[in-house]
Amino acid sequence: MMDSPKTAVSNPPVQPMDSNLGERDLVRRSATSDLPPPERQLTAVAKLIDVSKCIGCKACQSACVEWNDTHPAIGENVGVYTNPHDLTEDMFTLMRFSEWINPETDNLEWLIRKDGCMHCADPGCLKACPAPGAIVQYSNGIVDFIHENCIGCGYCVKGCPFNIPRISKADHRAYKCTLCSDRVAVGQGPACAKACPTQAIVFGTKDDMKKHADERIADLKSRGYANAGLYDPPGVGGTHVMYVLHHNDKPHIYSDLPDDPKISGVVQAWKGATKYVGLATMGVLAVGAALHGVFGKPNRVTAEDDEGAEKLVTNKTGTPEERV
Amino acid sequence: MPDVERVQPGDDIHVERGEISVNRYGPAARVNHWITAASLILLAVSGLALFYPSLFFLTGLFGGGQNTRALHPYFGVVLFISFFVFFLQLWRANLPTRTDVKWVSQINDVVAGREEKLPEVGKYNAGQKFIFWSMAFFILVLIVTGVMVWQAYFAPYVPIETQRIALLVHAISAVLIICVFILHVYAAIWTRGTLRAMTRGTVTGGWAFRHHRKWFRELASRRRVDPAE
Ligand code: HEM
Ligand code: SF4
Ligand code: SF4
Ligand code: SF4
Numbered sequence: 009m010m011d012s013p014k015t016a017v018s019n020p021p022v023q024p025m026d027s028n029l030g031e032r033d034l035v036r037r038s039a040t041s042d043l044p045p046p047e048r049q050l051t052a053v054a055k056l057i058d059v060s061k062c063i064g065c066k067a068c069q070s071a072c073v074e075w076n077d078t079h080p081a082i083g084e085n086v087g088v089y090t091n092p093h094d095l096t097e098d099m100f101t102l103m104r105f106s107e108w109i110n111p112e113t114d115n116l117e118w119l120i121r122k123d124g125c126m127h128c129a130d131p132g133c134l135k136a137c138p139a140p141g142a143i144v145q146y147s148n149g150i151v152d153f154i155h156e157n158c159i160g161c162g163y164c165v166k167g168c169p170f171n172i173p174r175i176s177k178a179d180h181r182a183y184k185c186t187l188c189s190d191r192v193a194v195g196q197g198p199a200c201a202k203a204c205p206t207q208a209i210v211f212g213t214k215d216d217m218k219k220h221a222d223e224r225i226a227d228l229k230s231r232g233y234a235n236a237g238l239y240d241p242p243g244v245g246g247t248h249v250m251y252v253l254h255h256n257d258k259p260h261i262y263s264d265l266p267d268d269p270k271i272s273g274v275v276q277a278w279k280g281a282t283k284y285v286g287l288a289t290m291g292v293l294a295v296g297a298a299l300h301g302v303f304g305k306p307n308r309v310t311a312e313d314d315e316g317a318e319k320l321v322t323n324k325t326g327t328p329e330e331r332v
Numbered sequence: 004m005p006d007v008e009r010v011q012p013g014d015d016i017h018v019e020r021g022e023i024s025v026n027r028y029g030p031a032a033r034v035n036h037w038i039t040a041a042s043l044i045l046l047a048v049s050g051l052a053l054f055y056p057s058l059f060f061l062t063g064l065f066g067g068g069q070n071t072r073a074l075h076p077y078f079g080v081v082l083f084i085s086f087f088v089f090f091l092q093l094w095r096a097n098l099p100t101r102t103d104v105k106w107v108s109q110i111n112d113v114v115a116g117r118e119e120k121l122p123e124v125g126k127y128n129a130g131q132k133f134i135f136w137s138m139a140f141f142i143l144v145l146i147v148t149g150v151m152v153w154q155a156y157f158a159p160y161v162p163i164e165t166q167r168i169a170l171l172v173h174a175i176s177a178v179l180i181i182c183v184f185i186l187h188v189y190a191a192i193w194t195r196g197t198l199r200a201m202t203r204g205t206v207t208g209g210w211a212f213r214h215h216r217k218w219f220r221e222l223a224s225r226r227r228v229d230p231a232e
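Chains as they are written, first to last, in the numbering used here: chain P, 9 to 332; chain A, 4 to 232.
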């Protein structure tokens with residue numbers, strides 16, 4: 009059995025191969041608490057997107073559509089290059105274009121960011137998902153949606169700090185970038201990385217990608233981008249899709265990339281305290297009611313009550329005075 | 004204090020072969036009540052299946068996770084409409100009165116079943132009123148938050164941060180309404196002779212005399228002035 013692929017550049021192996029991403033490689037499984045530990049640890053992989061090298065050609069987007077065999081609807085041009093206008097269940101990655109005037113140089117900078125799932129080490133989508141096994145995380149870091157287990161509730165949308173999952177109106181299942189788990193499982197890199205003509209997208213082990221990023225950042229710094237840096241946000245435990253940003257001090261200028269993403273406190277409270285306190289409250293009440301029912305005396309109508317009623321209705325004397 | 008309706012249209016005393024029976028709910032109110040109850044239970048079961056992974060197997064009752072997800076909000080709409088009709092029938096009789104304050108201050112006597120120490124109450128006691136208003140409140144909160152996270156139709160138009168809050172509030176309200184539901188069912192069973200009010204629609208004279216004497220007195224006095232009977 010082979011380990012994770014180390015590059016997206018090599019050509020596919022010609023001999024048939026078994027997939028190396030299976031049930032026994034899972035480190036997390038949605039709505040599952042008793043997941044056995046993985047049998048082996050695959051080397052963590054990562055995709056590195058160097059925003060400074062991207063020319064906005066969208067070869068990656070096309071490769072994504074082609075490999076995943078999705079069929080995004082033909083859209084309408086509203087005067088921007090971003091196309092379609094948002095991620096959809098048929099478009100797992102999207103080049104987002106923004107025009108930014110650098111206040112220091114007064115230069116217009118055309119910022120192009122390839123948006124898509126970040127493959128968080130601590131995935132909010134998975135935390136929120138109520139369906140066992142609809143979202144899984146492999147030991148190589150890939151977060152994948154297992155569509156046959158998905159119930160279409162959209163909780164993953166609320167859990168994700170990057171606004172990535174989209175729910176199909178056709179089959180009511182959640183879709184997003186898979187990091188080409190089906191390619192990675194057989195030793196190949198993601199389709200987008202393979203297609204990118206400028207090597208703005210590279211793929212390999214997470215360690216290699218960080219080293220490669222360091223070289224790129226050093227180069228950018230030497231060319232005047234003092235704040236160039238690696239976007240591998242610690243708030244979600246780091247990500248398996250990372251960016252090299254020339255302005256890493258302000259990620260939000262890249263089409264609202266979150267500055268400090270983390271799983272929302274509201275989601276944590278919903279999936280944490282609410283569950284336990286809720287269970288305890290309902291449990292105590294149900295048990296209390298049962299105990300009172302078994303040990304307490306039921307509140308029964310007595311013979312005096314029947315007599316009293318009789319007297320009241322027939323207007324006999326001896327009707328009790330009204331108690332207030 | 005507002006003008007509280009102590010007796011509702013249709014409430015009446017009948018004496019047949021020496022047995023007193025009191026009409027408490029007409030057929031329309033009873034049908035309404037059971038639709039509300041059934042949808043509340045279906046909502047609780049389908050909702051809890053999505054709230055606790057250990058209860059996810061309950062989705063099997065609805066034909067799987069996809070169906071549970073799809074059906075739950077529709078049950079909610081049924082609940083909302085049926086409760087709304089029920090609400091219009093009952094709200095006047097559930098307005099608070101001075102007696103309710105006294106009744107609540109003697110909650111120990113209530114739980115111990117010492118009703119002879121409590122003030123006489125009209126058609127509803129403070130406990131029943133509490134159940135009524137909490138149900139009304141939580142059902143309103145649940146429909147509003149539920150619609151906001153209804154993925155198939157509305158969720159895509161609601162900001163994600165709002166949806167997060169809506170789901171948290173929905174889950175908390177669900178827990179609380181289930182607690183109110185447990186109290187409600189328990190009270191109905193503990194107070195023997197109550198269930199028939201919602202099945203047959205009538206209660207015995209003794210029951211009315213013991214638990215809702217003010218209501219019973221009023222019905223009895225109407226009976227005496229009514230020359231037709
Ligand atoms: C009144 C109208 C209601 C509407 C429109 C509604 C709608 C929803 C929706 C859309 C969801 C998300 C899952 C799904 O799409 O099926 C949900 C979840 C849930 N609902 Fe409701 N609901 C309503 C009432 C209730 C009631 C009365 C209860 C409890 C008795 C309840 C308990 C729950 C629970 C426990 C969840 C799961 C929450 C979670 O996983 O955090 N709902 N509801
Ligand atoms: S839509 Fe599917 S993947 Fe997303 S949270 Fe619901 S079940 Fe999980
Ligand atoms: S970016 Fe969103 S969808 Fe992707 S792994 Fe992180 S939380 Fe999940
Ligand atoms: S293929 Fe490469 S250069 Fe082209 S848009 Fe995608 S990331 Fe940018």
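Think of the hints as simulated: they come from the structure by calculation, not from any bench.
Predicted model, so just to flag it, every value in this text is computed and none were measured.
Glycine included, every Cβ here is placed at the ideal spot set by N, Cα and C.
Don't take each hint at face value.
[Unchecked claim] One side of the interface only, derived from the structure: several residues of chain P facing chain A at Cβ under 10 Å:
{"hint": "1", "residue": "R48"}
{"hint": "2", "residue": "T51"}
{"hint": "3", "residue": "M103"}
{"hint": "4", "residue": "E107"}
{"hint": "5", "residue": "N110"}
{"hint": "6", "residue": "I159"}
{"hint": "7", "residue": "Y163"}
{"hint": "8", "residue": "V165"}
{"hint": "9", "residue": "L238"}
{"hint": "10", "residue": "K283"}
{"hint": "11", "residue": "A297"}
{"hint": "12", "residue": "R308"}
{"hint": "13", "residue": "A317"}
{"hint": "14", "residue": "E330"}
The hints, checked one at a time:
{"no.": "1", "hint": "R48", "verdict": "26 Å, violated"}
{"no.": "2", "hint": "T51", "verdict": "30 Å, violated"}
{"no.": "3", "hint": "M103", "verdict": "22 Å, violated"}
{"no.": "4", "hint": "E107", "verdict": "25 Å, violated"}
{"no.": "5", "hint": "N110", "verdict": "30 Å, violated"}
{"no.": "6", "hint": "I159", "verdict": "3 Å, holds"}
{"no.": "7", "hint": "Y163", "verdict": "7 Å, holds"}
{"no.": "8", "hint": "V165", "verdict": "7 Å, holds"}
{"no.": "9", "hint": "L238", "verdict": "26 Å, violated"}
{"no.": "10", "hint": "K283", "verdict": "7 Å, holds"}
{"no.": "11", "hint": "A297", "verdict": "4 Å, holds"}
{"no.": "12", "hint": "R308", "verdict": "5 Å, holds"}
{"no.": "13", "hint": "A317", "verdict": "3 Å, holds"}
{"no.": "14", "hint": "E330", "verdict": "6 Å, holds"}
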